[in-house]
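J.: Here is what each chain is made of, one letter per residue.
Protein chains: 2
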Amino acid sequence: MKVALVQLNYRIGDFASNAEKIISAILRAREEGAELAVFSELAASGYYPEDLLEKKEFILQAEETIREIACHCTGIGALVGGPAINDGERGKQLYNAAFYLENGKVRDIFYKSLLPTYDVFDEYRHFEPNRFFHLLHLNKSRAAITICEDLWDEQPVYSEFGKNKLYLTSPLEELEVLEPEMIINLSASPFSANQESFRKDILIKKAAKAGIPLVYVNQVGAQAELIFDGGSVFINAKGEIIHELNYFEEDFRVIDTENPGKPDLQPTFTRMEKIHNALILGIRDYFRKTGFSKATLGLSGGIDSAVVAVLAVRALGAGNIRVLLLPSAYSTPHSVEDALQLAEKLGIRYDIIPIAESVDAVNTALSPLFAYLPADVTEENIQARIRGVLIMALSNKFNHLVLNTSNKSECAVGYGTLYGDMNGGISVLGDLYKTEVYHLAELINAREEIIPLHTITKPPSAELRPGQKDSDTLPEYPVLDKILFHYIELNQSPEEIASLGLESALVAKVIRMVNMNEYKRFQAPPILRISSKSFGSGRKMPLVAKF
Amino acid sequence: MKVALVQLNYRIGDFASNAEKIISAILRAREEGAELAVFSELAASGYYPEDLLEKKEFILQAEETIREIACHCTGIGALVGGPAINDGERGKQLYNAAFYLENGKVRDIFYKSLLPTYDVFDEYRHFEPNRFFHLLHLNKSRAAITICEDLWDEQPVYSEFGKNKLYLTSPLEELEVLEPEMIINLSASPFSANQESFRKDILIKKAAKAGIPLVYVNQVGAQAELIFDGGSVFINAKGEIIHELNYFEEDFRVIDTENPGKPDLQPTFTRMEKIHNALILGIRDYFRKTGFSKATLGLSGGIDSAVVAVLAVRALGAGNIRVLLLPSAYSTPHSVEDALQLAEKLGIRYDIIPIAESVDAVNTALSPLFAYLPADVTEENIQARIRGVLIMALSNKFNHLVLNTSNKSECAVGYGTLYGDMNGGISVLGDLYKTEVYHLAELINAREEIIPLHTITKPPSAELRPGQKDSDTLPEYPVLDKILFHYIELNQSPEEIASLGLESALVAKVIRMVNMNEYKRFQAPPILRISSKSFGSGRKMPLVAKF
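In the order they appear, the protein sequences are chains A and B. Residue numbering for the first sequence follows this note's numbering, starting at 1 and increasing by one per position. Residue numbering for the second sequence follows this note's numbering, starting at 1001 and increasing by one per position.
To be clear, the hints were calculated from the coordinates, so they are not data collected in a lab. It cannot be assumed that every hint is accurate.
Coverage of chain B stretches by chain A, computed from C-beta distances (three or more under 8 angstroms per stretch; other residues unrestricted) [claimed, not checked]: (1) 1282-1293; (2) 1368-1382; (3) 1447-1456; (4) 1470-1479.
Heads up, the beta-carbon is just placed ideally off N, CA and C, and yes, glycines get one too.
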């Protein structure tokens, strides 16, 4: 049968716009001869609405949206994700559902069985899991309808004890008893740099094991920290991917499940190319969905702000970016030159505002309190915070959203000033270790030197005191990042990390810095997530722990 | 039988200190003739460790702690909460468990059945629920062991659809089949102003319905935003509270379940007295558990900072509080006088730092960019942010933790400057509406005028432009707070709120302000929670929604 895979970018709670997109895709699918159009998980509301799901009004509008879409389903069926009310006497108020729409009505409904509650997921907060299974009976086929995690029953748990499986049941095994001829999966599976191949492996395995084809439709588009990458697929009964939709863009394709033709796949990208594309989508959607068009940031001459500026230009256009160069008494001349060179290369508007006089005024105001005390990190923070005041003033006056330029290594060890360089509406690089920022800069410069070479080759420095270098306070980044990766991504103990050939005292020091700085990260902007363990909603640590 | 109710204040992950406290309570209980000592939920680790539960090392230390405590259980049994490894092949790695320790060993173990995942709770993230029930067989009694939420099976769901019950099963009904003679509940039930009476009602109902006595031990102490109030109880078979332990303090009492004697209860406190005591504990524990002893804040002469200063003095002592008076060109003379009068009354150290010159320096630096543009909220924010820079400088130089003074009404509508007056390590009043801040000020002044009367009676103003009043931008607080309460606490729709007799356009405007300012709250400090719906982990809203 002919099935349309519809991969769209939804805005959470924008029912009118989501419905319009869904309806026009249904009409197009019918025109192209499809008998069924498949959409992603919670398409009607956008994934994930969080506690908006606790608002009655929100649920009623979601239901109304499904009914409105159903009115356009004549001569074609559609599977559309959305929240459904639990009519039972017990359990959570809602199910995470797939509605089958046909002849102007909701003809059938399927509930999600496996509700993820790890990492960035929190679905058990709002949804009751499905416990009863049935197939979708179409004219030409019987389909097993599953929603995202329902196919992930075999994944191991996220911890080191774990040889066991996370879930008690396998929805697909329950459904296989009913003899389906096809599997359909409605998903909202967020991007991380290794997730795509992991995901494909699981889907291939499921189709091959069941010996029936699999239609998989994923959400695309960024929702604040989470970036959904699309990449919807059709997999045949042998477990071969025959159709693959675009990544990081909306896409639409009608396929014939019996005669899917020759493989029509996407080009292969490197890990860093995927991250690059993910971040651009992340910036673009954060602006579009919060109603901003223009961005500002401080350009220091260093690598982090340089990379952010390039990504911002690619996401929003050079005409929408305006940067500030904010040299202090300790800024080296080459920093200003490097920043200027990049701004000119990118063709973005820049202004130079020296901060010395503002910093002096603050120091003078404080001198009765600080007299005779030696300068320390306090004075360094004052500089970073004055820069923050100036960038925020530009943002307030001209309605620019501030892009934060902190990287994951800094966020991890607290090497940044709260209310200073940690400011911003969204953090672009907060999930990239410093060594990864260098790799991204190399990718950006691969065809042409966009970021000045000097920015990449000079030793990293915050330039908050004369001759300062990051390595005065921190280990060299390759060492630091290795410790951080094993501690944060892999949850390893100090002993395990030291056994990789690292000095125990250094490992202990770095881990202490990570733990001591939970309070700073608590107040950090949302971070575009590109790894399997980003700071943000996927890593919840107590603020008052001693461990 | 003689049972010790042990109500302690734990530090998360501080196994050595938690074990020491637990062991000395066991020894004391044995001395006082108790046969059983009962501790609160997750006592060994402190409640709630969040993603520390994903660290193998953390779990191994928790297990080791339980074994160490068991070594001291000779001549007495103890029920101690802690995480337990799930040895099965499927499901989450851990159970939320109660260990029964006797004769130096773990003799029995009980798992929590109902795992809350609403509001501030997220236990399904880490724990597998119990599905099999058995009793604890003591020498003189058979006890049904339950953990916190296990007794809350009948609570309605948190939404407006909800006539139905949240949970599919009732652990106590399962256990009653086994004919227990006593119910024991290990809890970590966070305070909110109405929670205590709600909780007592549930416990009384459970004991009366089962017709057997109930021993209930709650955690006490604050863990960042969450404040646990203690108030452990013994309820007899008729459903009468006979013993009640202290609120907001550690406590210990040995009772005889067969001859509990005459009722020995705590004095009754008003709602605002409870909030007052909760906030003091919240401040004190945040400092103690993060290793700070000294606090600073900006004293404006307004009511919010005045109330915070009083609470800080009561929590930490006047000698540990140091405030800054930061007048601007727009500060009225009476503001400085009011602030001075309070500082002198409280006996706290204060310094006056006029901000005009620092603000002028920033404005001058920006003048090439802002020339000819009229002053707007940008210039107001610059003042608030310069104050932020000065307070943070004091904090950095002298190792003071900054107390945030924003109230819930401001947080809700975004009437505050991000990186300015929204700064701080912990927000003291962020869960009190402005009208509640006035009530708290009245309570503080009930016996003696501590806060200058003028601070309470003058119209609220941010004093960021000449003659500014809050009511220029916002509705009067009684109206604003009514709208906010119905929208935030009760999740009502604009139509429902307007039907209370409020102007539709005003309701819509306020709700729009609440929704538009999610991004500011995302970066706010942790807020001491005293209501049933606080900004923070209990209210998760998408940043990019349109609704």
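J.: Now, for every hint given, state plainly whether the structure supports it.
T.: Hints versus structure:
{"no.": "1", "hint": "1282-1293", "verdict": "holds (count 4)"}
{"no.": "2", "hint": "1368-1382", "verdict": "holds (count 9)"}
{"no.": "3", "hint": "1447-1456", "verdict": "violated (count 0)"}
{"no.": "4", "hint": "1470-1479", "verdict": "violated (count 0)"}
Checked against the numbered hints given earlier, this structure breaks hints 3, 4; the rest are met.
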